[in-house]
Structures are given as C-alpha cells and as structure tokens.
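Q: What follows is the residue order along each chain.
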Amino acid sequence: MILSVEKLEKQFGSLKAIDGVSFGIREREIVSLIGSNGAGKTTLVNLISGYLKPTAGRIFFGGKDITYASPFKRIKLGIGRSFQIVHLFEEATVLDNVRTPLFARYGRIKSILWSADSYVDITREAIGILKLFNLYDKKDSPAKELSEGEKKILDVAMAFALKPKLLLLDEPTSGVATHDKFSVMNTIVSAIRKEGISALIIEHDMDIVSNYSDNVLVIHEGRIMAEGKPEDVMQNKEVRETILGIQ
Amino acid sequence: MTLLDIENLDFFMGSTQILRSVSFSVNEGEAVCLLGRNGSGRTSIIKNIIGLYLPRSGKIVFRGNEITRMPPRNRVLMGIAYSPEDSRLFSELTVEENIKIAAWVRGEKNDTFNFESVFEIFPEIKKLMKRKGLYLSGGERKMVSIARALALSPSLLLLDESFEGLAPVVINRFKEALKQIKDMGVTILLAESNIKVASLVSDRAYIVERGEVIFEGQPQEILQNEKLLRIIGGG
Amino acid sequence: RQEQEKVVEERKAHIPKSPVRIAGVSFLTGVAASPFGIPGDNTFRMLVDIINQQGGILGRKIEFLSKDEAGGVDTQVKLARKLILDDRVDVILGYISSGDCEAVLPLSDELGGLIVAYDCGTHKLMEGSSSPYSFPKYKLGFRSAAHLSIDNIGLALMIKKHFPNIKAIAGINPDYAWGRDSWAVFEAAIKKLMPNIEVVGTWWPPLFTTDYTAHISALIGAEPDIVHTSFWGGDAVTFTKQALGLGLFSKMRVAYSRGEPIPQEIGRDFPEGQIIGCAGPHYFLYPPPDKWPLNKWFVEEYSKRYGKYPTYPCYHAYQALYSYKAAVEKAGSIVGGWPTVEEVAKMMSGLSIQTPSGHLSIMENHDGVEDVVVGITKLTPKYPFPILDPIEVFPAHMVNPPVGIRTIDWINSWEV
Amino acid sequence: MQWFIYVLNGLYFTAFIFLISLGLNIILGVMGILNLAHGSLYAIGAFMAAWVIITLSGLKGVPVPLLYISLISGALLAGFVGLIIERVLIRPMYGRALEYQLLITFGALLLFEDLIKLVWGGEAYYASQPFDILGKIQILGNAYPLYFLLVILVTLIVGSAVWVFITKTKMGIMLRALSLDREMATALGLEIDKLSTIAFVLGAALAGLAGSLIAPTTPVLLGFGMEPLILAFIVVVIGGLGSLKGAFIGSVIVGQIRSIGIVVFPEIELAILFLIAAVILVVKPEGLFGR
Amino acid sequence: MGQLRWRGSILGPRFFVYLSTLVLLLILPLLLSPFNLILLEYGLALALVGLGFNLLLRYTGLLSFGHGAYFATGAYTVAMVGRYIPELYSLEMLLPLSVLFSFIVSFVFGFICVRHTRIFFAILTLSLSMLVFALLFKLYHITGGSDGLYIPIPSVFGMVFNRRPDFLSGFFYYFLVFVFVVGFLFMKAVVNSPFGKALQAIRDNEIRAELVGIRVKRYRLYAFVISGIFTGVGGALWSFVNGHVTPEVAHWFFSGEIVYMVLLGGFANFEGPIIGAIVFTFLKLYAMSFTEYWMFIIGITLIILVLLLPTGIAGGIYRLITEIRKGKTLSGI
Ligand SMILES: Nc1ncnc2c1ncn2[C@@H]1O[C@H](COP(=O)(O)OP(=O)(O)OP(=O)(O)O)[C@@H](O)[C@H]1O
Ligand SMILES: Nc1ncnc2c1ncn2[C@@H]1O[C@H](COP(=O)(O)OP(=O)(O)OP(=O)(O)O)[C@@H](O)[C@H]1O
Ligand SMILES: [Mg+2]
Ligand SMILES: [Mg+2]
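Chains as they are written, first to last, in my numbering: chain A, 1 to 247; chain B, 1 to 235; chain C, 1 to 416; chain D, 1 to 291; chain E, 1 to 333.
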C-alpha cells in the first residue's frame with residue numbers, strides 16, 4: 001500500500017463532506033474515483049494532498065502518517081496533484097511552465113546567478129515532456145494564450161514533471177475534447193505505468209474509467225458506496241442508479 | 001425563421017487572429033451545436049455573441065437587429081443568456097442570490113422569483129440555496145451557472161461546455177431538461193467537444209476548426225463520417 | 001601688489017547691468033502656505049517692487065524668483081542646488097520650516113552661495129554640538145531673525161513675573177522639531193526660574209491634528225495651572241476652539257509661544273488672561289506706530305496692497321531682504337563695485353539695521369537677535385478681539401543666548 | 001466621570017474616521033480600487049462646506065438651520081467630483097492591472113491638491129459658526145460641545161442607512177456581485193457602468209460628508225486630506241478589506257485606542273495605531289473581518 | 001516579439017545599447033553642467049531602487065507601496081553612523097552597513113508582508129512604512145524628528161573630501177556608476193536564473209508554485225529582501241548626494257513616487273525603472289522650478305501616462321523599434 005486512508009472525516013459547518021472513508025492504493029495501481037456532483041471527491045483529494053485538514057481519521061503515505069503534514073512536505077514525499085480548475089504560470093512560456101517544476105525537483109531552483117537556459121539537461125527533459133503531451137509546438141507561447149483544453153493538458157504535464165510516486169488528478173480531462181481525452185489519458189497512463197507511479201483519478205466519463213483504471217472507488221454523500229474492478233462496479237445496481245443514471 | 005445570424009466574423013486577440021470569417025445561423029426553436037477541438041475557437045464565438053469580445057469585422061444579427069457592437073446588457077435584455085465554461089459564480093454571494101440576480105436583471109421584483117422550475121431540472125440546488133458560491137463543488141457550480149442563465153428566461157441560451165464535470169446521472173437529467181426547454185421555444189446554442197452528447201441534444205451542428213466553420217449538418221452525419229470525426233476528435 | 005590694485009580698480013568700475021537675482025523660498029502650497037508662506041512671499045514681492053522703483057540695489061534691479069518650499073527637505077535641497085548652480089542666483093532668502101533650514105544652510109558653503117534663512121525657528125541652526133562652540137558654523141549661511149528661544153524664554157519670564165505662585169505646568173506641542181525645541185527651551189527656562197514647579201504632563205499631537213478633544217480632556221484631567229503650547233496657524237485655532245467647547249479655559253491658563261495672530265482669528269470668544277508671545281517685537285500695537293514711522297509705513301503699504309495686516313512672517317521677510325540689501329551696499333561702498341558673496345557675508349555678520357519692528361542685529365554666529373513682546377489678553381471695547389494688556393518687552397540680551405554658547409547651556413547657567 | 005468624556009471623545013473620532021473609511025471600503029470592495037485620492041474628496045467636502053457656510057453667514061437674514069443644511073453641500077460636491085473621477089479616470093481602468101489603478105488615483109491626488117488651491121486659494125477657511133452656535137452642554141459635570149454629539153448622531157444614521165443599502169437591497173447585492181466578478185456581471189446584463197458610478201459616488205460623498213462635518217471644528221487648509229487617509233488605511237487594515245463591518249469595528253478600535261492612548265501613553269499617540277494594526281495583521285492576516 | 005528574437009545572442013543589439021550607455025555614463029561628467037550631473041546622480045541612485053522595486057513588481061507580482069521604508073533604512077544608516085559613530089563614517093564601511101540594516105528591516109517586514117498579495121500587500125507595505133515613518137518622526141531625540149539629519153561627506157579609504165560638488169562630480173560619480181553597473185548585472189542575472197523563474201511562477205500562480213515544490217512565502221521573502229537591499233543601498237547612495245535625510249523618505253507619498261517612476265519608465269521591461277528613475281528626477285525638479293502648480297504637472301503626466309502609454313517610456317521605445325523593424329522587413333520584401 002503506498003497510500004492508505006483510515007476513517008477519514010471532514011466537516012464543513014453542518015455538512016459532513018467526507019464521512020468515514022477508508023481505502024488504500026497499492027503501488028503502481030491506478031484508481032478511479034467516481035461519484036455524483038458534490039459527493040466529496042475533490043474534498044478527498046484535498047485531504048490527501050494536504051490542502052484541507054481532516055476533522056478525524058488518518059492518512060498514511062509509504063507507511064508514514066501524513067495526516068497533518070504540510071502540503072509542501074507531501075510534495076517532497078512524492079504526492080503530486082492537478083486541479084479541477086487549471087493552475088498554470090500564465091505569463092510564462094509553456095516551456096518554462098514545465099521547466100520550473102524540474103528546477104525544483106532537481107534542487108536547482110535556488111540557483112540565482114546562472115541563466116536558466118544554461119541548464120541544458122533540464123531544458124532537454126522539459127522538451128521531452130512537452131513532446132510527450134503534444135505541446136511542443138506551443139513551447140514558446142505564454143500559457144495564457146492556450147485554449148482551455150490545452151491548458152488542461154499542460155496542467156497535467158506539469159504535475160507529471162515532478163515524477164511523483166502518487167499522482168492525484170482531479171478531472172484531468174474535463175474540458176478536453178472527446179478524442180483528445182483518450183490521447184491525453186493514453187499519454188498520462190502510459191507514462192504513469194512506465195514510471196511505476198500510482199494514481200488516483202477523479203473522472204466522470206465511464207468510458208475512460210473502464211479503459212484506464214485498475215480499480216474504482218465510488219463515493220456518494222461522503223461515504224464509499226462501492227469499490228472494485230471497473231467491470232464489477234459498473235454492474236453494481238446502486239451505482240448504476242445513483243451515479244450512472246442507468247436503470 | 002433565423003434567430004441568430006452571424007456573418008463573416010473576424011476576431012483577433014492582440015495580433016493573433018482567432019476567428020476567420022465565421023458565418024452561421026441559428027433558427028428559432030432549434031438546438032445548434034458548435035463542435036470542435038480544444039482551441040478551435042468555440043468559446044470565442046460564444047463570447048462574441050454575448051458581447052464580452054468584440055469582433056474586428058463581420059456582423060452579428062439577432063432577431064433581425066444588428067447587435068455586433070451592442071453592450072452585453074442590451075443583448076441580455078433582448079433575450080440572450082450565457083453560461084460560461086468555467087461557471088463563474090459570484091463566490092461571496094449565496095446560490096440563491098446568484099440566481100436571483102439574473103431574475104432581477106430581467107425585471108423581477110425582489111421576492112417573486114419562482115425557483116420551482118430550477119429545482120425540477122437540478123434538484124441538487126435545493127439544498128445549496130444558502131451556501132456561498134465559493135464553497136460549491138465543480139459540478140454544483142456548473143448547475144448553478146446554468147440555472148442562473150435560465151433565470152434570465154432567455155430566448156437564446158448560450159451554453160459553453162455545460163456538460164463537462166457533470167456526473168453521468170446529472171447529464172442524463174440535463175439532456176432531458178434541455179429538450180423540455182427547447183420545447184418551450186427557447187433556442188439553444190452549445191459549444192461541445194463531445195459528439196455523442198451533442199448528437200443527443202442538438203438538431204444541427206457546425207464544426208469549428210482553427211477559427212473557421214468547416215462543416216454544417218446533422219449530428220448523425222458527423223457520427224457516420226470518419227474524416228469529420230477525426231477532425232473534431234470524436235473517437 | 002600692482003596686480004591686486006588693478007583688480008580692485010576694475011571692480012570699482014564694474015557694477016553689472018544685469019539684474020541681481022534673488023530667490024525667495026516660502027511655502028506656497030500645503031498647510032503652512034496660508035499662515036506663513038504666502039504672507040512672506042507677498043512681502044518679498046511688495047518690497048522688491050518698492051526697491052526696484054527706488055533704483056534697486058547699487059543700481060541693479062532685482063529679479064525675484066519666487067519658489068515653493070513644499071515637497072519635502074530633499075526637494076528643497078535639490079532646488080537650492082539648482083538655484084545656486086544652475087540659475088546662479090545671488091542670494092536665497094527663504095525657508096519657514098526648520099528642517100529645510102537645517103538641510104539647506106550647509107549647502108551655502110558647499111556650493112559657495114549666499115543663503116539667508118528668514119523665518120525658521122530652531123535654536124540649533126547655528127549652534128554647535130557643545131558649548132562653547134566655534135562660529136560661524138556656515139561662512140555663507142545666515143538667519144535674519146531671532147530663534148524660538150525668545151518666544152519661550154519670554155513666556156517663562158512673563159509667568160515668573162505675573163504668576164509667581166503657580167505650582168504645576170503642562171505642555172502640548174506639535175510633534176516635530178518646532179514643538180519639541182520650544183518645549184525644551186521653555187521647560188529649561190521655567191524650571192530654572194521657578195525651581196519648585198512641577199511638570200504634570202506633555203502631549204505631542206501631530207501637526208495639523210483636527211481633533212484635539214482627547215488631548216484637551218487629558219489636560220483637564222492632569223490639572224496644571226498653565227499649559228505651554230507652541231501651536232501656530234490652524235492648529236492653534238482648532239485647539240483653542242475645542243478647548244473652549246470642553247471648558248478648559250475655566251480651569252487653567254494657556255501660554256502660546258507664538259500666539260499673536262490667534263485672538264484676531266477667534267475674536268471675542270478668545271478668553272481673557274491668556275499669555276501670548278509675539279515671535280519678536282512684532283505686534284500691531286508695538287512698536288507703537290505713532291512713535292515708529294517705519295512700522296506705520298509698512299503696515300499701511302502692506303494692507304493697501306493685500307487688504308490684510310502684516311503678520312510676523314511679513315516682518316521677517318522685510319528683515320531678510322533689507323539686511324541683504326544693507327550688507328551689499330555696505331560692502332559695495334567699501335570694495336567699490338559689486339561685492340562678492342564672501343564680501344557680502346563679511347558685512348552681514350555684525351550688521352544692525354532698522355526694521356518696522358525696531359532693531360535687528362545679526363550676530364557673529366550669523367544668527368539674528370531681537371527683543372520679544374509678551375502680553376496677557378484682555379478684552380477692550382475698542383477691538384473686536386482681546387488685545388495684549390499688559391505688554392512686556394524683554395530686551396534681546398535677556399532672551400537670546402550670547403554668541404558661542406548653546407541656548408540650553410546658557411539657560412542652565414543662569415543664576416536666579 | 002472624566003472617563004465618560006474620554007469614551008465620548010473616542011466616539012467622536014470614530015464617527016469622523018468611520019465615514020471616511022466606509023467610503024474607502026465601498027469603493028475598494030465594489031471596484032477593487034484603493035482610492036488614494038479619497039483624502040482629496042474629503043478635503044473638497046471640507047472646503048466646500050466651509051465656503052458655503054462663510055458665504056451664507058456673510059449674507060444678512062440667513063436662518064440658522066440653513067447653516068446646518070448647507071453642511072450637505074460638501075457631500076454633494078464631493079459626490080459630483082467622484083462622478084467625474086469615475087467617468088474620466090477610473091472607467092478606463094477596469095480590468096487593468098492593480099498598479100495602474102493605484103497610480104491613477106495617485107495622479108488624481110496630486111492633481112486635486114493643486115486644483116483645490118486654484119479654486120479656493122492657498123488661504124485657510126474658518127467656518128466655525130455651526131460649531132459656535134450650538135455651544136456646549138454639561139454632561140455629568142463636564143462641558144462637552146454639542147456639535148460633536150451632532151456629528152456622532154449623523155454618522156450613526158448615515159452608517160446604518162449605508163449598511164442596509166449594501167446588504168439588504170437589490171442594488172446592494174448587485175454591487176457585491178460586481179465586486180466579485182466584473183466580467184460575469186457584464187455577461188449577465190447588470191448595469192455595470194451605473195453600478196460602478198453609484199458605488200464611487202457614494203464612497204466619494206461619504207468622504208465629502210466627513211469633510212463637511214469636520215469643517216466647522218477646524219480651519220480648512222491645503223493638504224487637509226492626507227492624515228485622514230492614513231487613518232482610514234489603518235482602519236481598513238484592521239477591519240479587513242472591503243468589509244463594512246470591518247470598517248465599523250476598525251473605526252471604533254482606532255477611535256477608542258487613540259482617545260485612551262492619549263491619556264495613558266501621551267508619548268506614542270499615532271505610532272500605537274500602526275503597532276496595533278501590525279499586530280492584528282500578524283495574528284489575523286486578512287484583518288478582523290477580511291474575506 | 002522583438003525582444004524574443006534578441007534574447008538568444010549575447011552580442012545582440014541590446015548588448016550594444018548597454019555598452020554605449022556605459023560609455024556615455026563614463027563621459028557624461030564632461031558634458032553635463034554640475035547641477036545636471038548631480039540630478040543624474042540622484043537618478044542613478046533611484047535607478048537602483050527601481051531595479052529592486054521591479055524585482056518585486058514585475059517578477060514576483062507584488063506591488064509595494066512602502067519601499068520608502070527600506071530606502072529610509074539605507075539613508076538613516078548613513079545618517080546615524082555619521083551622528084553616533086563618526087569613526088566608522090567612511091564609504092567602505094557605510095555601504096556594507098546599509099546592506100546589513102536594509103537586510104534586517106526588509107527581512108522582518110517581508111516576513112509579515114509576504115503572506116499577502118495584491119492590494120493587501122500594497123496596503124500592508126504602506127502601513128509598515130508608515131510605522132517606520134512614525135518612529136523616525138517620533139524618536140525626535142535620536143533621529144532628529146521631522147528635521148532629519150545632516151549627511152556629511154564620507155571619507156573613502158582614508159581619502160577626505162572637502163567640498164561636496166568636487167566629491168560628487170569626481171570620485172563619487174564613478175563610484176555610483178560602478179555600483180549601478182554591478183547592481184544592474186546582478187539583477188539581470190537574477191531574473192533569468194531558475195530563481196527568477198521561480199519568482200515569476202509564484203507571481204503567475206502561487207497555488208501551483210507551491211505544488212511544484214517552490215516554498216512560495218520563502219521565495220517571496222527572498223525577493224523581498226533582495227529588493228529591500230537594493231532599495232537600501234539606493235537610499236544610502238542617495239543620501240550622500242542629498243546631504244540630508246528626513247523621515248519623509250519613509251512616508252507613503254515617497255513610496256508612491258517610486259511606483260510612479262517605475263511606471264514612467266515602464267515596469268514590463270527590465271530597463272524601464274532605470275529610465276523612469278532618471279527621467280522622473282529631472283521631470284519633478286524642472287516642474288517644481290517652473291511653476292508652483294508642479295503637482296498638477298506631475299499628476300497630469302501620470303494620468304496621461306497611465307491612460308495612453310501604460311507600457312511607459314521603455315515600452316514605447318520597444319514598440320517603436322518593433323514597428324521600425326517590421327516596416328523594414330516589409331519594405332524589404
Ligand atoms: N469549504 C466548504 N464549505 C462548505 N461546503 C463545502 C466546502 N467545500 C466543499 N463543500 C461542499 O462539500 C461537498 C463536496 O464537495 P466536493 O468538491 O468534494 O465535491 P466533488 O465530489 O468534487 O463534486 P464535483 O464532481 O461536482 O466536483 C459539496 O456539496 C460542496 O458544496
Ligand atoms: N489571450 C489570448 N491571446 C492569444 N490567443 C489566445 C488567447 N486566449 C485564447 N487564445 C487562442 O484562441 C484560440 C481559440 O480559443 P477558444 O477558447 O475560443 O477555443 P475553444 O474552441 O473554446 O477551445 P476549448 O475547447 O479548449 O475551450 C486558441 O487557439 C487559443 O490558443
Ligand atoms: Mg470536484
Ligand atoms: Mg472553450
């Protein structure tokens with residue numbers, strides 16, 4: 001188990017957004033997190049990545065208790081994430097968007113007197129990642145000039161550049177056109193598999209869920225409704241009714 | 001009868017041309033879909049129609065009146081409503097206030113807005129009424145944003161990627177609702193990237209590619225045409 | 001030696017045709033403009049016109065450059081540099097703010113230009129850091145008026161004379177050098193003169209405070225017999241009005257170090273029995289116009305032109321311009337021709353002239369000395385505001401420290 | 001019962017600073033613009049009121065109540081000037097970067113300093129008639145000027161009215177929507193221009209009202225607006241950006257601390273306010289009622 | 001776009017502009033009147049401030065309205081040493097001391113301020129600088145209160161100068177140019193380094209920056225401190241030129257002038273603040289000696305600038321160059 005969550009709870013005022021959730025993610029496993037709107041998916045990811053502090057429960061990562069660790073600590077431990085709403089360095093070029101995480105990862109970010117361009121290896125690696133995500137053509141445009149979908153792809157590429165052990169992706173393909181959804185997912189997932197990274201992916205599109213995940217976690221009103229292989233979960237009657245809307 | 005007519009729209013951002021001579025039209029009571037890849041220019045078209053962007057040249061005609069350079073407010077008063085792809089709720093106002101504001105623009109008195117029709121489409125909203133926009137989940141925001149556009153009781157509804165981020169069960173419900181809305185005589189223009197969703201709710205579709213309209217036809221035609229499918233990326 | 005004589009000969013013959021350039025720097029904007037800067041500047045302009053009509057200085061007309069003192073000390077330093085290096089003025093007459101004086105006067109020697117401070121009050125301007133100090137501090141820098149020691153020593157002498165039995169005093173002074181210095185001199189003097197007196201509190205509201213109610217209430221709570229203040233302009237008026245409203249004057253007296261214009265501003269409401277200093281011998285009833293025609297002429301000329309009575313900055317402006325004029329004429333008559341700035345400076349040191357308010361002497365430390373007038377307010381049917389009655393005139397030697405001794409050291413050396 | 005007077009003094013100061021910071025905060029909240037020229041609007045209000053009062057009391061047979069009504073003139077003029085500032089200077093600034101928005105109001109501040117001088121000259125205005133006429137009353141054995149009580153009362157009324165307006169009325173909610181997302185408010189068809197103008201004019205008029213009310217208590221001079229502006233900043237920092245409640249509590253804190261501080265620690269006066277603001281920000285970075 | 005193309009080669013036109021500017025700076029004492037040379041020195045000292053300020057504004061996205069505080073720290077370091085420890089009063093001691101003290105002050109203030117961004121940051125820096133102002137003002141017996149303190153001419157490695165104009169137009173001018181060039185090169189390196197990229201990343205999106213492993217607040221603090229030190233050194237150098245320092249340099253109004261001059265030059269360009277600092281110095285002084293309504297002039301200039309030339313002088317020049325280049329290529333075809 002790279003990640004295990006025990007009896008996690010999160011209360012917002014009178015609302016219990018996460019209500020006693022326990023589950024685990026194995027190494028190299030890709031888990032999809034599905035559920036209706038407002039079920040608590042983003043909240044769960046925020047708890048794991050440290051952007052929210054739980055009201056009860058524990059989170060372990062690689063055997064360590066990280067329940068109250070700072071987000072920064074968790075990044076250093078190897079938890080990477082993307083956001084439901086993209087967060088880019090809007091004014092910087094696409095290349096620099098990917099290069100900056102690399103500088104941080106290689107501990108070069110404090111270098112103050114040498115030009116960024118003089119780090120040829122890092123630049124080369126960044127270009128490799130851009131090629132992987134089909135963004136190479138745009139490498140010199142400022143990120144703000146990308147379309148919504150391109151931004152989404154770049155966002156994932158940036159999380160990827162950190163080479164985390166566990167990648168948390170919040171609707172990585174929402175806003176991406178249908179076909180590109182698959183190619184983006186292909187890229188991400190093959191990269192994840194190649195690097196042996198584990199992932200927790202929030203996704204609404206069941207085609208993608210069933211294509212790319214090893215395991216599915218269904219969450220409803222803050223509790224786990226079902227858990228298992230995609231095929232099995234999608235046969236679950238309750239899931240079909242409340243989440244998928246299929247009678 | 002054409003409700004919305006767009007002629008030779010050229011739109012620039014800074015010095016880059018985003019839209020190239022875009023022309024298309026939407027008939028009254030129709031549901032029309034703009035299909036295309038990411039970055040093809042659909043959002044730009046929609047923002048030109050609501051007036052957040054101004055074109056360099058070309059014409060936008062609504063109900064026979066040219067509205068190309070009209071301020072957004074006038075367009076809204078003429079019956080155009082818009083739900084953006086990133087929802088854009090007023091984060092410090094409650095859901096109720098978010099929706100009511102739209103009703104006020106339309107001229108409703110303070111407390112007469114009837115939320116029933118909204119609850120019918122999105123029952124989820126009922127329990128969110130007193131929550132601030134800031135604290136909603138992604139999908140909840142989407143719903144409120146659509147509800148807010150509906151509260152303007154528009155005759156033309158502009159929906160930008162409104163199905164994104166909604167759970168399948170909600171999508172199903174929303175598709176049904178769109179049909180009802182259409183039956184009530186509201187014209188719908190949606191920007192979509194998912195041809196399957198588009199084919200279910202729209203009568204006609206345009207394909208936008210690199211800022212140009214390159215195809216017009218039935219969604220079914222596109223579904224059957226390999227080449228078109230590749231262009232819009234609808235695998 | 002022949003060479004030298006030739007130079008002197010040439011100089012005698014040579015008085016430039018071009019006008020003499022005099023810069024006047026006063027606050028034309030900002031809060032100090034209306035009470036000080038504009039009256040001072042008005043006076044300069046008026047007197048320049050008059051001198052020019054009478055033929056100028058040694059036959060040279062005056063070209064007057066009127067400059068704003070606003071913008072802060074660094075702006076003034078730059079401006080003074082420009083005036084001396086770039087505009088090549090013959091003299092700068094200026095500065096109301098002590099801070100500006102302190103910053104600008106060192107430039108006189110650094111840049112080789114003559115600078116005459118005309119109104120600023122700090123007693124430290126020409127003093128060294130310990131007594132006895134060597135003088136002059138600046139070869140080319142002067143002040144043509146007495147400094148604030150005359151106001152505050154005058155008040156102390158007045159209190160000793162008229163209210164010898166008081167037990168407690170307090171101070172409320174604006175929180176900047178002017179207020180701090182005024183209080184320091186006053187406190188030293190009164191403690192020396194009346195050793196048993198107790199200071200029950202000091203308050204330091206910032207300049208241009210609009211609400212003194214809290215201070216006034218605190219003063220009332222502290223129960224002094226006399227409150228010392230160096231408020232001027234609007235601050236003095238605001239304080240007085242609000243103190244009236246809160247009933248302060250029914251419980252204590254206030255001694256205003258430069259209060260001369262305030263009774264006029266406030267009118268009949270201004271309470272009787274308050275102690276008022278006049279910034280020198282500058283009071284509209286002193287020197288008595290019938291006995292001192294120069295004052296009569298000055299008051300008439302000024303009020304004809306500007307529809308107002310001159311206030312003390314006007315007198316100070318007169319002192320600056322005429323002491324420069326006198327020094328140039330004196331130096332010119334000795335060296336013949338137009339004197340250099342060094343020659344003018346030599347003449348200015350030790351100069352004594354008649355002014356509308358009596359005699360002004362500029363001492364060897366380049367500081368002016370004057371008598372001081374202090375009075376106690378009293379309502380009379382003749383004027384719509386209280387006038388000063390009785391009036392005391394403390395002569396210059398009683399209220400100005402001798403050359404070479406710092407003011408505070410001088411006061412501390414008194415033997416009462 | 002001296003303490004009672006101290007508290008009353010604090011309330012008076014609160015009233016004065018509240019009107020200014022309320023206006024500042026409304027403009028800040030709705031338009032996202034920190035109006036550095038706010039002090040100038042206050043000064044304009046003060047000059048106008050002083051001028052009107054002096055002019056009126058120079059005329060014969062002007063009834064006394066008219067002097068009090070004329071106090072509004074400052075608010076009106078400041079509101080009108082606010083209208084012009086908003087139309088000419090602020091309107092092109094929407095959507096522009098923060099530094100431009102700040103600098104344009106800084107430019108306006110410089111401009112107005114000199115315009116005031118052009119219009120009213122460099123001399124001080126003394127317009128104390130309304131203050132003098134009311135005289136003083138005895139409260140628990142202490143004299144207190146009645147005019148100050150009037151100022152407190154007016155502020156209470158105006159403050160409550162503004163609060164109701166912003167939080168309860170349709171217009172107020174629309175103003176808040178505007179403050180949150182200008183582009184979306186545009187797309188929804190809100191009357192952006194009208195709402196912005198209302199907010200700015202309201203804020204400006206409140207500053208002008210403060211100036212008007214203060215004019216009878218102190219001579220009105222050039223450079224009059226600087227100090228209150230700084231105090232209003234402190235209030236806003238303490239209370240929280242754009243928060244009405246914050247402006248109120250912040251003013252109360254500033255008023256009372258100043259009043260008590262002057263009695264207890266006369267040496268540090270204003271510095272204590274900055275220190276308290278700094279401490280509050282260290283403990284609660286967004287201010288007491290910040291978003 | 002033109003800027004992009006030049007970036008590649010060291011020997012681009014930009015390099016030649018720099019080089020000729022340096023040569024010009026070195027021969028200017030022969031060309032300018034003593035007074036204008038002094039103004040230029042004010043400008044150069046402020047240019048260092050502008051460079052530091054712009055590291056925060058342009059590269060870290062933080063608008064400080066309180067840089068006067070660090071400026072004052074530098075200037076008052078000089079003044080206080082002159083007043084209390086005259087033995088140390090030499091240029092080679094004063095400059096390191098001003099670095100030290102502006103480091104301390106900007107570190108402490110930065111620590112509080114970097115938790116905020118945007119307008120809150122602006123108001124907060126403003127308030128803190130007013131705290132410095134209030135202290136400099138209040139501690140009259142130590143700081144000279146509103147009158148400020150006199151700044152004597154410093155000695156340099158035992159050399160003593162008597163007249164300030166000689167000092168300023170001789171040794172000190174070249175020293176100032178030297179410090180300026182060093183500061184310029186240092187800042188240039190900073191903004192192009194990975195550290196500079198990190199700052200820009202923080203400016204663009206602090207949530208993401210945190211997420212890619214940049215300690216946002218700490219880096220903001222680094223930037224703040226570097227900026228503060230530049231400003232402090234600028235203040236120290238300025239004080240030698242000015243010969244006097246008062247608390248007004250800590251007032252927010254002075255900080256506003258710093259913002260003004262940076263915008264005047266154009267903050268979107270690296271060189272903008274330098275141009276702005278020099279032009280502003282001349283503009284303000286000549287406006288002041290031209291009319292008593294000088295505030296009106298600089299106010300109107302500011303407004304016109306913001307409305308019509310938001311990219312400042314440097315931005316205007318760049319646009320002009322781009323346009324000319326475009327014109328050339330077009331006519332070439
Ligand atoms: N800070 C908060 N305060 C109050 N309620 C909150 C807060 N954040 C989230 N919520 C509520 O908690 C619930 C769970 O939100 P969450 O964002 O986790 O949903 P989600 O599963 O990600 O949904 P979606 O698919 O729509 O993004 C929602 O009902 C939301 O409104
Ligand atoms: N500020 C900008 N400057 C220059 N180009 C921009 C800017 N914003 C967007 N673009 C470009 O405009 C094009 C059209 O964008 P638009 O958002 O209209 O596309 P879209 O079809 O809605 O795509 P998506 O599915 O990603 O939302 C894109 O190629 C994008 O790169
Ligand atoms: Mg979510
Ligand atoms: Mg789009």
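If you're looking for bench data, these hints aren't it; they were derived computationally from the structure. Among the hints, a few may not be true.
[As the list claims (entries may be wrong)] Below are the DSSO-like pairs computed for lysine-lysine, each with C-alpha atoms no more than 27 Å apart in a straight line:
| id | chain 1 | residue 1 | chain 2 | residue 2 |
| --- | --- | --- | --- | --- |
| 1 | A | K237 | B | K126 |
| 2 | C | K330 | C | K304 |
| 3 | A | K194 | A | K165 |
| 4 | D | K194 | B | K132 |
| 5 | D | K60 | C | K382 |
| 6 | D | K170 | B | K132 |
| 7 | A | K163 | E | K188 |
| 8 | A | K110 | E | K188 |
| 9 | A | K163 | A | K194 |
| 10 | C | K378 | C | K161 |
| 11 | E | K326 | A | K110 |
| 12 | B | K227 | A | K131 |
| 13 | B | K130 | D | K170 |
| 14 | C | K17 | C | K330 |
Predicted, not measured: the structure shown is a model, and the values here were computed from it.
Q: Now look at each hint and say whether the structure bears it out.
A: Against the structure, the hints:
1. Under the criterion of a C-alpha separation no larger than 27 Å, the hint pairing K237/A with K126/B is consistent with the structure, at around 26 Å.
2. Between K330/C and K304/C the CA atoms are separated by roughly 31 Å; this puts the pair beyond 27 Å, and the hint is violated.
3. Note on K194/A and K165/A: the hinted pairing holds, with a Cα-Cα distance of about 12 Å set against a maximum of 27 Å.
4. Between K194/D and K132/B the CA atoms are separated by roughly 25 Å; this keeps the pair inside 27 Å, and the hint holds.
5. Restraint check for K60/D and K382/C: the C-alpha separation of about 24 Å stays at or below 27 Å, so the hint holds.
6. Distance check on the hinted pair: K170/D and K132/B sit about 17 Å apart at the alpha-carbon level, within 27 Å; holds.
7. Our distance criterion of 27 Å between C-alpha atoms is broken by K163/A and K188/E, whose separation comes to about 31 Å.
8. For the suggested pair K110/A and K188/E, the alpha carbons sit about 16 Å apart, so the restraint of at most 27 Å is met.
9. Simply put, K163/A and K194/A have alpha-carbon atoms about 11 Å apart, close enough for the 27 Å limit, and the pair holds.
10. This hinted pair checks out: K378/C and K161/C have alpha carbons roughly 17 Å apart, not beyond 27 Å.
11. For the proposed pair K326/E and K110/A, the alpha carbon gap of about 39 Å is over 27 Å, so the pair is violated.
12. Proposed proximity of K227/B and K131/A is supported: the alpha carbons are some 25 Å apart, at most 27 Å.
13. For the given pair, K130/B sits about 17 Å from K170/D by alpha-carbon distance, which is consistent with the 27 Å threshold.
14. Our distance criterion of 27 Å between C-alpha atoms is met by K17/C and K330/C, whose separation comes to about 19 Å.
Hints 2, 7 and 11 from the list above are not met by this structure, while the remaining hints are.
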